[in-house]
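If you're matching them up, the sequences are chains H and C in order. Reading the first sequence from the start, the letters are residues 0 to 361 in numbering that gives the first Met the number 0. Reading the second sequence from the start, the letters are residues 0 to 361 in numbering that gives the first Met the number 0.
Errors might be hidden in some of the hints.
Since copy identity is lost for identical chains, a pair holds within one copy or between any two.
[Stated by the list, open to error] With a straight-line Cα cutoff of 30 Å, these simulated DSBU-like cross-link-like pairs (lysine-lysine) come out:
1. K242 / K356
2. K353 / K242
3. K70 / K32
4. K242 / K282
5. K32 / K242
6. K175 / K359
Keep in mind the hints are simulated off the structure, nothing from the lab.
Number of protein chains: 2
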Amino acid sequence: MNRSTRREFMQRAAALSASSLLVGSAAAQPAKKLGFALCGLGSLSTQQIAPALQSTRYCRLAGIITGSPDKAKQWRSRYAIPEQNVYSYDTMHRLADNPDIDVVYVVTPNALHADHTIAAAKAGKHVFCEKPMEISVERCQSMIDACRAANRLLGVAYRCQFDPYHRECMRIARAKEFGDVKIVAADFGFTIGDPTQWRLRRALAGGGALMDVGIYALQASRYITGEEPTLVSAIETQTDPIKFKEVDETIAWHAKFPSGAVANCHTSYNASGLGRLRVDAQKGWFELDPAFNYDGIRGRRSDGKAIAPPPANHFAAELDDFAQCILEKKATRVPGEEGQRDVRILMAIYEAAKTGKAVKLS
Amino acid sequence: MNRSTRREFMQRAAALSASSLLVGSAAAQPAKKLGFALCGLGSLSTQQIAPALQSTRYCRLAGIITGSPDKAKQWRSRYAIPEQNVYSYDTMHRLADNPDIDVVYVVTPNALHADHTIAAAKAGKHVFCEKPMEISVERCQSMIDACRAANRLLGVAYRCQFDPYHRECMRIARAKEFGDVKIVAADFGFTIGDPTQWRLRRALAGGGALMDVGIYALQASRYITGEEPTLVSAIETQTDPIKFKEVDETIAWHAKFPSGAVANCHTSYNASGLGRLRVDAQKGWFELDPAFNYDGIRGRRSDGKAIAPPPANHFAAELDDFAQCILEKKATRVPGEEGQRDVRILMAIYEAAKTGKAVKLS
Numbered sequence: 000m001n002r003s004t005r006r007e008f009m010q011r012a013a014a015l016s017a018s019s020l021l022v023g024s025a026a027a028q029p030a031k032k033l034g035f036a037l038c039g040l041g042s043l044s045t046q047q048i049a050p051a052l053q054s055t056r057y058c059r060l061a062g063i064i065t066g067s068p069d070k071a072k073q074w075r076s077r078y079a080i081p082e083q084n085v086y087s088y089d090t091m092h093r094l095a096d097n098p099d100i101d102v103v104y105v106v107t108p109n110a111l112h113a114d115h116t117i118a119a120a121k122a123g124k125h126v127f128c129e130k131p132m133e134i135s136v137e138r139c140q141s142m143i144d145a146c147r148a149a150n151r152l153l154g155v156a157y158r159c160q161f162d163p164y165h166r167e168c169m170r171i172a173r174a175k176e177f178g179d180v181k182i183v184a185a186d187f188g189f190t191i192g193d194p195t196q197w198r199l200r201r202a203l204a205g206g207g208a209l210m211d212v213g214i215y216a217l218q219a220s221r222y223i224t225g226e227e228p229t230l231v232s233a234i235e236t237q238t239d240p241i242k243f244k245e246v247d248e249t250i251a252w253h254a255k256f257p258s259g260a261v262a263n264c265h266t267s268y269n270a271s272g273l274g275r276l277r278v279d280a281q282k283g284w285f286e287l288d289p290a291f292n293y294d295g296i297r298g299r300r301s302d303g304k305a306i307a308p309p310p311a312n313h314f315a316a317e318l319d320d321f322a323q324c325i326l327e328k329k330a331t332r333v334p335g336e337e338g339q340r341d342v343r344i345l346m347a348i349y350e351a352a353k354t355g356k357a358v359k360l361s
Numbered sequence: 000m001n002r003s004t005r006r007e008f009m010q011r012a013a014a015l016s017a018s019s020l021l022v023g024s025a026a027a028q029p030a031k032k033l034g035f036a037l038c039g040l041g042s043l044s045t046q047q048i049a050p051a052l053q054s055t056r057y058c059r060l061a062g063i064i065t066g067s068p069d070k071a072k073q074w075r076s077r078y079a080i081p082e083q084n085v086y087s088y089d090t091m092h093r094l095a096d097n098p099d100i101d102v103v104y105v106v107t108p109n110a111l112h113a114d115h116t117i118a119a120a121k122a123g124k125h126v127f128c129e130k131p132m133e134i135s136v137e138r139c140q141s142m143i144d145a146c147r148a149a150n151r152l153l154g155v156a157y158r159c160q161f162d163p164y165h166r167e168c169m170r171i172a173r174a175k176e177f178g179d180v181k182i183v184a185a186d187f188g189f190t191i192g193d194p195t196q197w198r199l200r201r202a203l204a205g206g207g208a209l210m211d212v213g214i215y216a217l218q219a220s221r222y223i224t225g226e227e228p229t230l231v232s233a234i235e236t237q238t239d240p241i242k243f244k245e246v247d248e249t250i251a252w253h254a255k256f257p258s259g260a261v262a263n264c265h266t267s268y269n270a271s272g273l274g275r276l277r278v279d280a281q282k283g284w285f286e287l288d289p290a291f292n293y294d295g296i297r298g299r300r301s302d303g304k305a306i307a308p309p310p311a312n313h314f315a316a317e318l319d320d321f322a323q324c325i326l327e328k329k330a331t332r333v334p335g336e337e338g339q340r341d342v343r344i345l346m347a348i349y350e351a352a353k354t355g356k357a358v359k360l361s
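Please model the entire structure based on the sequences and the hints provided.
Below you can see the structure in the form of structure tokens.
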């Protein structure tokens, strides 16, 4: 199977998104569905999030925030969004006056997440934010502070945390079914297309493959071990200095965990087939391959037992969970602090790659 | 499939070794079979090499060198070895007077390879030496020098270089069937048993998992890229300080190659299931999993085409190749300089793990 382009991911996932939902299948509907406004109507919002919202139990697509009048028109028509629920980035402060919107889902380029999160929080809205949370630890902190000051919940869209296959891997690791976890080998990447896209611009993306998709491997190493890394080392290579003039093309990194477990990860914007999670434990192994796609995840265990839970739509699952946290006034599994932790480690990986020295993390 | 112990590797491989030979299947026999003396009669010689020698076309098991009179007796009886072809480590210099022995295959612990290689070369014998070649670059050089002075061929037992699956992977990489190779992810390891074995003693082994089995991953990264690494970084962890008091338990390393390819590798004496080779190229991927076992290697390609050549007995293949090189006065694909290159890189990996700094290789 060729998994080489983001577009392919999306097309395949979009085809599946309506058919394989766990969440939303219950007959009884809750008293209230929270109104979500999507902030940023790029391909992720178009192909994944908006379709997934239709299948959620606790959410409804109530509004949009976009810089494009054309997109606003298309979306209003497609999703029956009332005119008063359509905002631009310049007018989104007026969300404060709109009780129909409970949550803003920030899906803009990485370096705009703080601005849009803070604007939404100041307007009294809860915020769900795409990964990576932002492009610096400080900017993540400003988002945490803004939501805390507004007494609003802040969540980061780590969809794999809500995927049944990944949850089963977490369970196997915690239960020590194969003894202690020794090595988490994880990678994610793809051959990036359009050279003009924002993901290749440092000012908007903050970084390249590592920040965009390497973060999945980093997350996996943390939720599989259940630990925080104490040391990272990294190596970076570049084979296309024109396309990757501003952001990283390929980075490999290691992370060391207090238990002695090691993460061995890599990411690339210029290679195909990355997207695996393999856990080597003392008495056996388990793996997901592919691990991080929107769908089609497959699992194996060294003892031949199955890893084959009913699949879930990642986006619907994470959105319903976030809505439930708001409705039930619970903490989210993916708070701003979790996003910030990853950004801190990403920065350490960049530093290690740049200096050639392992970087300690406190 | 549980591949957790060296013993299991051996039992499975021994069962297969007589059945799946490519080499030795030709009807016509050559004029001369070279006489091999096995130096060191541990489990590798017993389970793998001696059985494989029976199936070779250009080799015969003619003699033994052992410190154990009991083993000498058993082997003499089992393989009909004449008394005059049985030596101890103290008497092996007398090989000089024995025209029935052409080649000494050194299968002793790592730190004894130089002594036994030099003794064999001084006795006028060609030398085939197990991996790792030795425990330091300098000791490798002394072996190269001794064989050169004696005008004898020196080869290192890199069995995967003669395996059809690995050769097919080299071909796919060279032919750029998926474009340029970007990442070589390779790992090998097992849960080591008997805590008293020489592999856990620094004086005899020189190092632990990295030198013993990590070397397979290192080799693979070099023969898949066809390049020499220019930089390595590494991280080491230990979870059992008693068992692994003297040698490394788990090491992960990266290597950077001139083309921009990256190797992302790890090895462990305390984890199960390691033994994979995955190559991510620009337009697709190919892999062997398991990759480094004596048998049962399986291959996959991202385009669905097969990697399924007829399997070969690695030991018979490498021994016949070495014998042919001697008979036809050709260079070997695995000369002492090749073994030394790996040892130099292994030392750089240890240094990087120890210092936390990437190490440049010239």
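Those earlier numbered hints the structure runs against, lowest number first:
Checked against the structure, the only hint that fails is number 5, while the rest are satisfied.
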